[in-house]
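K.L.:
Given next are the chains, with one letter for each unit.
Protein chains: 2
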Amino acid sequence: MRSEDLAKLIGVSRSTITRVINNYPDIPQATRDKVLKAIEEYNYAPNASARKLAGATNKMIAIIVLDVKDDGVTHHVKTTDDTLIYNNPFFSPVINAVSDQANKMDYYALISIAYSKEDLKKVESIFNQKMIEGAIFVGTQEAENELIFKLIKQNHKIALIDTNEIYSKKHDAIYINPDNFEGSVKAINYLVELGHKNIGIITGNLNKLSAQERLDGFKETLSRHGLVLNCDHFYHGDFTENSGYDGVNHILRAHSKPTAIFVSNDTMAIGAYKAIAEIGLKIPEDISIIGFDNSFISSYLTPPLTTVDISFADIAKRATTLLIDSVENNKKVGIVEKIHATLIERESCKRIN
Amino acid sequence: MRSEDLAKLIGVSRSTITRVINNYPDIPQATRDKVLKAIEEYNYAPNASARKLAGATNKMIAIIVLDVKDDGVTHHVKTTDDTLIYNNPFFSPVINAVSDQANKMDYYALISIAYSKEDLKKVESIFNQKMIEGAIFVGTQEAENELIFKLIKQNHKIALIDTNEIYSKKHDAIYINPDNFEGSVKAINYLVELGHKNIGIITGNLNKLSAQERLDGFKETLSRHGLVLNCDHFYHGDFTENSGYDGVNHILRAHSKPTAIFVSNDTMAIGAYKAIAEIGLKIPEDISIIGFDNSFISSYLTPPLTTVDISFADIAKRATTLLIDSVENNKKVGIVEKIHATLIERESCKRIN
DNA sequence: CTGAAAGCGCTTACAG
DNA sequence: CTGAAAGCGCTTACAG
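From first to last, the protein sequence lines are chains H and W. Residues 1 to 353, numbered by this note's numbering, are exactly what the first sequence covers, in order. Residues 1 to 353, numbered by this note's numbering, are exactly what the second sequence covers, in order.
I should point out that these hints are in silico values taken from the structure, not numbers from a laboratory. Fair warning: there could be bad hints in the mix.
[Unchecked claim] Straight line, CA to CA, 27 Å or less: simulated DSS-like cross-link-like pairs of lysine-lysine:
hint, chain 1, residue 1, chain 2, residue 2
1, H, K104, H, K332
2, H, K34, W, K150
3, H, K121, W, K338
4, H, K122, W, K104
5, H, K121, H, K332
6, W, K150, H, K59
7, W, K130, W, K117
8, H, K122, W, K34
Could you put the whole structure together from the sequences, leaning on the hints where they help?
P.N.:
Next comes the structure, spelled out in C-alpha cells:
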C-alpha cells in the first residue's frame with residue numbers, strides 16, 4: 001500500500017497523509033483522525049527508502065563491533081583464541097543495550113561486526129551508502145583510528161565506547177568510557193577497610209588506557225593510605241586468563257606474600273583462581289582476590305568473585321542517547337563522559353583486622 | 001557523491017555506472033576497469049535508499065528477538081527476573097552468529113528486541129516499511145504466532161529459530177531447531193556407559209517442545225537399555241535456576257536415591273549444584289549431574305559441568321543461510337531442519353562400574 | 001555496447 | 001488548510 005492508495009481511499013492527497021504522519025501543525029483534528037484511522041485500518045506504513053530518499057531520516061543507527069586482530073595485542077574485551085566471539089561477555093550487553101535504547105527512542109539499530117581490515121571496508125560502505133544517521137563503535141584499536149577520524153571529518157555522527165585513548169574535544173565525536181580510575185579507588189579502599197596493607201596487583205597490558213587507569217587508581221589509593229607497593233607483588237599481565245594464572249604464580253613466589261591481589265579484570269581472575277587452587281591455597285582464607293568488570297561468570301566462580309562493576313549496558317545506553325540526540329539536533333559534538341563504577345561485594349575478600 | 005557526478009567525471013552515463021556495479025554482462029573490460037577505478041578513487045557507493053526504491057534489494061535482514069512476557073511462563077532461554085536480558089547466554093550467540101553469517105553473505109542485519117506487545121507493533125512496522133528482505137525470529141512464544149503467520153501469509157521471508165512448536169510445511173517458513181531428542185539420547189547413553197542404572201531427571205516446563213523432546217529422548221534411551229524411571233526421581237521443573245534447586249531437593253529426598261540426574265538445561269544445573277552443596281553432597285563423587293545447552297557458565301562451575309552442546313551459533317548460521325538463499329532465489333520455503341547436538345564431557349559425571 | 005527517460009514512493013516548498 | 005508538482009538517486013526496460 002502506497003500513500004497515494006491510502007489517499008484515494010479516504011479522499012485526501014498524499015501530502016495530507018505525510019503531514020499527519022510527520023505531525024505537521026495546522027491540520028484539523030477531523031482530518032487528522034480520519035487519516036490516522038485509515039492508517040491503522042489498512043496497516044499503512046511509509047516506505048522507508050522513499051522517505052529517506054526524499055530527505056527524511058530513516059532513524060537508523062549502527063552498532064559497529066570491532067574485533068580486528070591486527071597487531072597481535074589482545075584487547076581485554078576480546079577472546080584470545082581464534083573462535084569468533086559469539087558470546088563475548090563485554091560485547092553482548094553493549095549490543096543489546098544499544099539496540100534497546102535505540103528502540104526506545106524510536107530508532108532502528110543495524111549491527112555490524114568487523115573481524116578484519118577487509119570488513120572495515122564494509123563498515124565504511126555503510127556510511128557511504130547513507131544507510132544510517134550515526135554509529136556507535138565498540139572495541140576500537142589503533143588500526144581503526146584512521147577510518148574513524150575520516151568518518152568524523154566527513155561529518156558523520158560517531159560515538160565511541162571504551163576507546164583505548166580519549167581524544168577529548170579535538171574530534172567531534174562522543175566518547176563514553178567507564179571510570180576505571182574510580183573503580184580501582186573503590187576496590188582498594190574496600191581492601192584497606194578490610195585491613196589489608198599488603199596488596200599486590202596484576203595489571204592489564206599497560207598500553208591500554210583502561211589498564212593504565214586501573215593501575216593509576218590502585219597506586220594513588222595505596223599512597224593515600226600510606227601504603228607501598230612491593231615490587232615483587234606487581235605483575236604486568238595482558239587481560240587474558242593465562243596472564244592471571246602466571247601473575248599469581250609470580251606474586252606468590254615472592255618472599256613476603258601479599259594478603260590480597262587486585263586483579264585488573266575478571267578474566268585474569270579466573271586464571272588467578274586456578275593458580276591459587278593449584279598452589280593449594282584457599283580464597284579468601286589464605287588470600288583475598290578482587291576483580292574488575294563484574295563479568296557474567298564472576299558470580300559463578302567459587303567463591304563468588306568480589307569485583308568492580310562497570311556497567312557496559314549503562315555506557316552503551318548513554319552513548320546511544322547522546323548519539324541520537326546529536327543526530328536529531330544536528331549539533332556538533334565533542335563529548336567525553338565517564339560512567340561510574342561500583343563495587344560488587346561477594347565472597348573472595350576476607351576481613352583481616 | 002552521486003552516480004551522476006561520477007559518470008560526468010569519467011565521461012560515461014549513470015546507467016553504465018550502475019551496470020558495472022551490478023555486474024551486467026556485455027561491458028567491455030576497459031569501460032569496466034575505468035568505472036571500477038573511479039569508484040575506488042572517489043569512494044563512491046550507491047545510495048542504499050535510492051537503490052531499494054528503484055527496485056534493487058537492500059540486502060538487509062532483521063534478527064528479531066522476542067522476549068515478550070505475556071503469559072507468566074518463562075521460556076528456557078529467557079531470564080526469570082525483570083531485568084532486561086543484556087547478557088542472555090542464548091540470545092547473544094544467536095545475534096552474533098546471524099550478523100556474522102549475514103555479513104559473510106554480503107547482507108546487513110538489523111536487530112530488534114521486543115519486550116512487549118507494544119514492541120511487536122514496531123516489529124510489524126519494520127516489514128510494512130519494507131526495510132528488510134526477510135527476518136529471523138528467536139524466542140517465539142504463543143503470543144507472537146498470530147503476527148508471524150500474518151507476516152508469512154504476506155509473503156515475507158521468515159526463519160524461525162528454536163520455535164516452541166514446529167509447524168512443518170504447513171507454513172512457508174524456515175524452521176531450524178536443535179535436535180533435543182538426539183542430545184538426550186547422547187547424554188543418557190553416556191551415563192549408562194559410565195555404569196549408571198538409576199537416573200533421575202529434572203525437566204523443563206513440558207508445554208515447551210524442547211523440554212518435551214529432551215524428556216522423550218531420556219525415556220526412550222532408558223527403556224532401550226532396559227532401565228526404568230523411578231517416579232520419585234522425576235521432577236517437573238521450568239528451566240529456571242530455582243526449579244533446578246527445588247528439583248534436587250525433591251529427588252534426593254526419595255528413599256532410593258539416583259546415582260545421576262539429567263538436568264534439562266544448564267541454568268537448572270546451577271540451582272542443582274547449589275542444592276547438592278547445601279545437602280552436603282559432592283559432585284560427582286556422591287551424585288553425577290549432566291546438563292543441557294553448554295551455556296557459557298557451564299565450564300566455570302565447580303566441577304565443570306558435563307552437558308550437551310546445541311550450538312545456537314550453528315543454528316543461527318544455518319537459518320541465516322537458508323533465509324538469504326530463499327530471498328535471493330525468491331523461492332517458496334517450507335523447511336524444517338534439526339541441528340546436531342554433541343556431548344561435552346567435563347567433570348560432573350563419575351564412572352561407577 | 002550505451003545513453004535518455006520513466007518510475008520507485010515519499011517529502012517539501014510553492015500556490016492557492 | 002490542502003493539493004499539484006518537483007526532486008531525492010538509483011534501476012531498468014527501451015531505443016539506437
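K.L.:
Taking the hints in turn, state whether each one holds.
P.N.:
Structure-based check of all given hints:
With a CA separation close to 23 Å, the supplied pair K104/H and K332/H stays within the 27 Å bound. Distance restraint check for K34/H and K150/W: the Cα-Cα separation of roughly 25 Å lies within the 27 Å cut-off, and the hinted pair is therefore satisfied. Annotation: proposed proximity of K121/H to K338/W is violated, straight-line Cα distance about 35 Å (limit 27 Å). For the given pair, K122/H sits about 11 Å from K104/W by alpha-carbon distance, which is consistent with the 27 Å threshold.
For the proposed pair K121/H and K332/H, the alpha carbon gap of about 25 Å is at most 27 Å, so the pair holds. Straight-line distance between C-alpha atoms of K150/W and K59/H comes to about 25 Å, which keeps the hinted pair within the 27 Å bound. Distance hint between K130/W and K117/W is fulfilled; the C-alpha atoms sit about 21 Å from each other, no more than 27 Å. Straight-line distance between C-alpha atoms of K122/H and K34/W comes to about 22 Å, which keeps the hinted pair within the 27 Å bound.
Of the numbered hints given earlier, the model fails hint 3 alone.
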